[in-house]
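For this one, chain S is given, so just place chains W, R, L, G and B on it according to the hints.
Protein chains: 6
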Amino acid sequence: MGLARFGLEVAYISVIPDNPIGNACIRELKKHNVNTSFIPRKGDRLGIYFLEVGANQRPSKVVYDRSHSAIAETGSGEINWDKIFEGTSWFHISGITPAISLPASKLSLEAVKKAREKGVTISCDLNYRKKLWKYGKSAPEIMGELVKYVDIVIGNEEDCQKSLGIKKDIDVESGKFQTEKYRELTDNVLGLYSNIKKIALTLRESHSADYNGWSAILNNRKEFFVSKKYEIHNIVDRVGAGDTFSAGLIYGLNNLKNDRETLEFAVAASCLMHSISGDLPLISVEEVKSLTEGSGSGRVQR
Amino acid sequence: MGLARFGLEVAYISVIPDNPIGNACIRELKKHNVNTSFIPRKGDRLGIYFLEVGANQRPSKVVYDRSHSAIAETGSGEINWDKIFEGTSWFHISGITPAISLPASKLSLEAVKKAREKGVTISCDLNYRKKLWKYGKSAPEIMGELVKYVDIVIGNEEDCQKSLGIKKDIDVESGKFQTEKYRELTDNVLGLYSNIKKIALTLRESHSADYNGWSAILNNRKEFFVSKKYEIHNIVDRVGAGDTFSAGLIYGLNNLKNDRETLEFAVAASCLMHSISGDLPLISVEEVKSLTEGSGSGRVQR
Amino acid sequence: MGLARFGLEVAYISVIPDNPIGNACIRELKKHNVNTSFIPRKGDRLGIYFLEVGANQRPSKVVYDRSHSAIAETGSGEINWDKIFEGTSWFHISGITPAISLPASKLSLEAVKKAREKGVTISCDLNYRKKLWKYGKSAPEIMGELVKYVDIVIGNEEDCQKSLGIKKDIDVESGKFQTEKYRELTDNVLGLYSNIKKIALTLRESHSADYNGWSAILNNRKEFFVSKKYEIHNIVDRVGAGDTFSAGLIYGLNNLKNDRETLEFAVAASCLMHSISGDLPLISVEEVKSLTEGSGSGRVQR
Amino acid sequence: MGLARFGLEVAYISVIPDNPIGNACIRELKKHNVNTSFIPRKGDRLGIYFLEVGANQRPSKVVYDRSHSAIAETGSGEINWDKIFEGTSWFHISGITPAISLPASKLSLEAVKKAREKGVTISCDLNYRKKLWKYGKSAPEIMGELVKYVDIVIGNEEDCQKSLGIKKDIDVESGKFQTEKYRELTDNVLGLYSNIKKIALTLRESHSADYNGWSAILNNRKEFFVSKKYEIHNIVDRVGAGDTFSAGLIYGLNNLKNDRETLEFAVAASCLMHSISGDLPLISVEEVKSLTEGSGSGRVQR
Amino acid sequence: MGLARFGLEVAYISVIPDNPIGNACIRELKKHNVNTSFIPRKGDRLGIYFLEVGANQRPSKVVYDRSHSAIAETGSGEINWDKIFEGTSWFHISGITPAISLPASKLSLEAVKKAREKGVTISCDLNYRKKLWKYGKSAPEIMGELVKYVDIVIGNEEDCQKSLGIKKDIDVESGKFQTEKYRELTDNVLGLYSNIKKIALTLRESHSADYNGWSAILNNRKEFFVSKKYEIHNIVDRVGAGDTFSAGLIYGLNNLKNDRETLEFAVAASCLMHSISGDLPLISVEEVKSLTEGSGSGRVQR
Amino acid sequence: MGLARFGLEVAYISVIPDNPIGNACIRELKKHNVNTSFIPRKGDRLGIYFLEVGANQRPSKVVYDRSHSAIAETGSGEINWDKIFEGTSWFHISGITPAISLPASKLSLEAVKKAREKGVTISCDLNYRKKLWKYGKSAPEIMGELVKYVDIVIGNEEDCQKSLGIKKDIDVESGKFQTEKYRELTDNVLGLYSNIKKIALTLRESHSADYNGWSAILNNRKEFFVSKKYEIHNIVDRVGAGDTFSAGLIYGLNNLKNDRETLEFAVAASCLMHSISGDLPLISVEEVKSLTEGSGSGRVQR
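Residue numbers (my numbering), protein chains in the order written: chain S, 5 to 306; chain W, 5 to 306; chain R, 5 to 306; chain L, 5 to 306; chain G, 5 to 306; chain B, 5 to 306.
Simulated from the structure, these hints should not be mistaken for laboratory data.
Any given hint could turn out to be false.
Which copy? The list can't say, so a pair holds if one copy fits it or any two copies do.
Once the Cα atoms are required to be at most 20 Å apart in a straight line, the calculated DMTMM-like pairs of lysine to aspartate or glutamate come out as [stated by the list, open to error]:
#1 135 - 290
#2 117 - 184
#3 35 - 13
#4 134 - 291
So here's chain S without its partners, still in its complex pose:
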């Protein structure tokens, strides 16, 4: 949805049950110009989650209710990738899909392999979630294989370590970070996987549930960029910030001059996402640019 709102032609691929809950989901996607015509309508249920919104020292908590969702019960061979990748130039996949079930992990692998075959550029947001990954495989077992087909890796410092099994003494909890360690961490990933062209990580300094610092780095094998850092003092809702970073990055790689601009666009877009209630990225290119080019002073526009 983020990419569609940025003006790109986008289709969403998932499996959604053929019931009123699924219909509501499809309509919401259409509202924001997402092509839903490739989505099989079948299965028992739509995965949901319950979110307790944190404040100050009290963290947000997620209770997943995703088991046995339609996508979780879909395996390889059930989606017509050939048709989907026809005329498609980019495929983005999240590490959440392979985390929810064994069939879904096989479907995910099938997808990236097919995309690679068709010459489609592949980006992957590692998206490590401890409370998922309960079906008997560890994240590195699956993600380590999947990443071999990926051109652009996206994540945060924890994702890299937990999804790919790369150890680095970065203190996630404290929120403090050191540039040099991030360069090493991303160099490690690029060293292990020669297929990866670029890797971008978001850096969250978590001072409290509603006050975070937010920035990112990008390593394209030649250059290492550190973005501007935004101080977000009154987080409205941080859910969706990572996805918005991915959308910003893909938008930039396809539409902006260079990786530096791309990184700044992605960080600004995902910064704004912290100030929007819900997980839908109701953000335009103009709003992002007004932040990258302006002051973020929040003056009323009237």
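Using the frame of chain S, we list chains W, R, L, G and B on its own:
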């Protein structure tokens, strides 16, 4: 409404349509002791606006829907100023009225001329709004003339420049300000308009949509006062802060010992307005004084 | 309720009218495992209060509507303390009960005397409320007597002074505090009342209505502990923080290793209470420990 | 408020505490043009009640929390009736005031005596409430005396019997009614009290909590009128219907041609009140007349 | 939107301002599969209206705020009808558009003339609104001309009379109706305009604001059909019922076997619309058929 | 919960996941005095459902999301029935449990067999749900077996037919019913299962989604009772009415004089449940008796 809640006898002059929407508006004014008996009930519609409330780096946005409102379609000769100014000692006008239409700008000029004739003290909040001023006249063309009848000018640094066409290299966006420049700016205005007795400007340091510094200055030709500055970290709703500053200033000029006290009262009142939802100044003199005399520590009163 | 949620066996003693409002109150207590079987169901009304929630420089305000409540009209002799204290090891009383009426103050004194007779440990949160204490007795007259039966005194710097009449030049409003003065203040109290074994005070640095520093001290005659201080920038609702501190302290004195751990547990529990809407302490031991042992960085748990 | 909205000049007499709750009450009255300048601002609390809204076979329930309200603790001699009745032509009193406390019953008697002395017309809505009348006097003891000073008595069949102690075998619960019995009942009242000029009773046929028939009768010693009956199938909120009937009746007696028109106006006004949420009569003369003259077919006006 | 939800390929033609309010409107249309690509984005404002929802004897009231809306200020020559009618088989227009302004009435005439030229079938819902038609032309002047280009006329008994100036003694208010009179009325219209192929009228028996009988008739010059009548006792929101009738009729004329089935489908669809909050027809073909084929008994589907 | 609110000692047996959603469920049960100590806390998820509330001709719709709930994945052998039935006199089971999965159906059979062994009286609400029963067994296969252990069968006319496979030409949709047919239907059931002592069926005449007639019959092999019928014109929420009927019946069989009184109590209790929002039976014995003994006229209690 602010003045009425501070205990002054106040009448509100506008044109309000004779329909249920207009009735609701009139009742709300009465609730807070504002005399509504001079308001002609006619016209098609009440102007409205849509407000998207910002947060952090995401600014608030206003979509005006004020065109063809009852007051916008009222011209000179349609309001009985003689009757209104009978027994009146003070007239306050906002720069928003002349901004909405040519007839309203003529009505505004007529009002200040009549008030001047009757010996009524006149205050004017310049209130520059870029998204209004669309009927063919520029703000300085109209406001430059109107201000010639005014005793007390109120505004902010942007208003002075955009409404009166006075250029000064003050960086509004950044939120940083320098006392000396404000002295010069206000001296300029006082130099150009010998009728103006005092000018007061609010100074907003906009760190983000919900964190602003808030203070003000007052230049009475003899003295130049800089108020205390309030740090407002969790703005609830900033709409109405400027109007509350005007109300505080007029209250002070009529009821307090001197200009210094007046300025502090006006700044404290408008500071409190940032912590109130909606644009109605639900504030008492006691609450303002408890802030000017106290610590603003926000301890529960129980 | 706080103690019940921490897993202790707890009964609540009050008087609650036998009407639907009282029933709702009883049910809410049961929901959280509080034994309500000792509560007489009689009287005219349940005391209520109206809360205006503050923000920034605008303080929260409480309008009490507690007069003539069922508990306010209950005097000594009307509650069967013998039965209540059978098999009970701890009795906690708040300074609010003796503040609401003369009969309630006599009932309170009767309660602590009975508890002392039965060898029950007694804790008392002084809880000074200026807007109560209107029935002709001053707080020190009553609380000075009541405290003679108490083992553990809980309060804040203002409570000590206003409830026990001990003068100390601590500036409550400013929010700044000095460790040495607190040691002296608590030494004074312990000096005056040889029955008191320990005294713990919360220290609130009130920067604004929604930004407070929060910590506490404990003096057990041998040691003087100063807790970690929490910065709470976006207070959701501070009502109930003091009661949660008491619950945390009683929990710790009964379940934790030593007074230092107990103090940290109580401060962390009451810190979390600032981030919960309403005055019910919806907090578990695990959540408190995750704060005392962790970083309070508020990262999403998913 | 009903009378004020019908355009009459009205003052409300009660005692309201000088706190924010009282202020809100005063402002709401002003909003609807009620003069509040005679209301003493004192006392502890404003009486409130809790309402459980019924549906179908489940009745609405009221829990009164009116004891010790400001008006309940005000006795004779505390209100300056001389000043109030100066230039006043009509005084309306409800049977709820004498029901809440002994002092209030004395104040009520004092009021009607003073009004009678000054030649003010007096109307009284008997308003029997079983859950009030708890201070040791029965309703007939007090109301029987009070009614001796009244010109216009208003009520329903239950009020007459319970407030004045007149027995009549009218089955209130069943909702069925017989015209002849009402004529007898009102003749009885007029026979007992020669001072009463007219008596009007509302007749509620209660089919369920949300479906009532609604009509009224008026006996002016010469004629006996039975109004049109309205079937109200989807009651929104019936609280305030009786007060609106009183307002309609007083409006009619002062402004309409005759008792028949007056009765129809009062019934129509109170019929509309069943379709308005809350107990404020947000009704205009035009709306009532559009019902008395029209069909009540509820067609959209557009 | 109704037609799009019934599965037809539909484009909506209007003029919508290029601002966030207009964007929200466009997105809502897309959500329900309406093609919005022909809508010019220009003009000052989107027309709005305020709705007071009635109950029982209290009618709903509409306050229009449609003057100077984008579509009201669009005249003939500003919309590219040639492109729009390319490949289009059906054009539906409402009598509200020509009612709002002189330019809009000219635009409307231009539209039907162009459609006729292109061989597009034209349906028109007369939709008479007394509170519109304020620009100097009467409804019959404009609608009488416009109807000359129409194939299918839709309306109610009032529309026919007020829009086309045909007098018939049908008592709209009472809600009673007589079949024979409707046959005559529609015969009259068909007699006057030989171009009209079919005319369908909805018949609303308005017992109260929330209880209506709902049926319809259709006269196709050869046959005269009277539909089943639905009793709707608890109207949720009747706004949009007329538009849904039009959608049902157009759906049926394009997809169902004959005029009888079409009429029943249209009546059932618009009957359901009375039970949906808001004016969006969130209704599927399956739901309508389940009503035309079933009992409307409202049993839970589980 | 219904039984607990009627004052019986009740434990609820299910399987509830050990997460915050499960905790909330447990607390709600405790609030209403239900013993939750036998509930195993395990499994992935709590079954939920989505409810679209109907109105008039638009039916309510349920979307079940119960698959893979904790109880659905619990099979025989996992619950300690011996401990549960110790000291228990009555066991009630709903036909929903065996409908959700094969393991749950085995668990259900195990439960009734164990209860029978222990001499516990068993009641069963057949509760047929078409959208469940998807795991390969038909309702009659399972329920036919289960009912062999049951003393009291509860249901409606559809349940009997669909759950037990007994055909009878009763038109469920139309809402019309004939006493004689119900006598035959229940005689059939009693004839087939000699263990059943009594059978009670609710009779819903579904006029629309919000207007139902509601009554019931009871056949105890000796007598056949037909209850009073309630007309419910403005249904607030009918979910939970069947469960409340069961609760009323069990209450009556244990506490009231005879089957006639029991049936009337159960019908009145479940009638009231139609007027309560949500599916929790917030009803007391007093409220039910006030309906069985009174008029259901819905007069305000004040």
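Legend entry - Within, between, both or neither, where residue 35 and residue 13 count as close if Cα-Cα is 20 Å or less: both (14 Å within a copy, 16 Å between copies)
Inset, instruction - Give the relationship of residue 135 and residue 290 under a CA distance limit of 20 Å: within one copy only, between copies only, both, or neither. - result: Answer is between; shortest inter-copy Cα gap is 18 Å, intra-copy 36 Å.
Inset, instruction - Up to 20 Å between alpha-carbons, please classify residue 134 paired with residue 291: within, between, both or neither. - result: Between copies only: 18 Å across chains, 33 Å inside a chain, cut-off 20 Å.
Inset, instruction - Since the copies are identical, ignore which copy is meant and state whether residue 117 and residue 184 lie within 20 Å (CA to CA) inside a copy, between copies, both or neither. - result: Neither: 34 Å inside a copy, 66 Å across copies.
Hint check: a violation occurs at hint 2 only; the rest are consistent with the structure.
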